[in-house]
Amino acid sequence: LKYSILLIIIPILFFSCKKNDNNAPFDPAAQALIDDELLIDFLQTHYYKAPENNEPFGAVDTIMNNETPLFNQVEIENVTQDNIDYKLYYLIVDEGINETPTRYDSVFVKFRGFTLDSIKFDENVNFLTAKGWQNMAGGISGGVVNSGVIQGWKYGVPHYKSGTNTTLPGDPITFENTGKGLLFIPSGLGFGIQNRPGIPPNSPVYFHIELAKVVRADNDDDGVINRLEDLNGDGEVVDDDTDKDGIPDFVDTDDDGDGVLTKNEDANDDGDPTNDDTDDDGTPDYLDPDTN
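Heads up: the sequence shown begins at 1 in our numbering, then just goes up one per residue.
Bear in mind the hints are in silico, worked out from the structure with no lab data behind them.
Note that CB positions come from ideal geometry on N, CA and C, so glycine has one too.
Worth double-checking, as some hints may not be accurate.
To be verified - Straight-line distance between alpha carbons at most 27 Å, and here's what the computed DSSO-like set of lysine-lysine pairs gives: (1) 161 - 49; (2) 49 - 120; (3) 161 - 120; (4) 49 - 131; (5) 263 - 244; (6) 131 - 244; (7) 87 - 49; (8) 131 - 161.
Stated by the list, open to error - Derived DEER-like restraints, expressed as beta-carbon distance ranges: (9) 195 - 80: 19 to 27 Å; (10) 272 - 167: 42 to 50 Å; (11) 64 - 94: 19 to 27 Å; (12) 171 - 253: 12 to 20 Å; (13) 141 - 234: 33 to 41 Å; (14) 197 - 95: 48 to 56 Å; (15) 245 - 37: 18 to 26 Å; (16) 142 - 195: 18 to 26 Å; (17) 280 - 257: 19 to 27 Å; (18) 144 - 200: 23 to 31 Å.
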């Protein structure tokens, strides 16, 4: 399967040495504190309103008549990224009933993204287009590796479960019992210092999410799913490159660079290259250049 990679896909770029317009070094730790203050203020002054009249999502609006603040309803995930502590806030409207995604999977979603001043910057409001497919792990395009969706999605979307496809023959694609909610994301887990259309640098954002389907992705179709390509166990697959050829294993069809495709290093022919170790050295054949 090929997946549509929309706005929230970002290349592997880090901000540690980036400077702002005043030529002062950017301080991501300080920005994380600023973002959290902004998010808390937003959550304390806004409430969630359920969808009406078949709208794809509910709404987030300013409290006017003693509505329940979002701050009283959200849950918090503490995230440490590049030695910086962040707080990701999420609201579960409906949990969903089926599969829970991991940060390595592909997901089929509706979504709508806003800045905290309620400027909409992107959306997918139905299940009729490829835009709904998001590859959480990342990919490679034109020789450039990207790290997939923003970190706020990688940590946030796994709080929901997929639904059930109830599409009838000849009808539009429909799902029931999907996972629904909102993610409130600090800029350090979002788009960071990048100046993107509709999103100023260092802007916290929030997303309405509806999770319909989860696919255990295998980006390079080598018989090893993305999750198992995370050899160092750090939650990312873009930094695992067994043969040091500059192509991460999850998009490398020959992980160990021995000239034999990973999918063909399946000695017992069970479709799983991970359980074949011909020389019993503890390294599977597909990661062992001495065995092919």
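| Among all the numbered hints in the text so far, which are the ones the structure does not match? | 6, 10, 12, 13, 14 and 15
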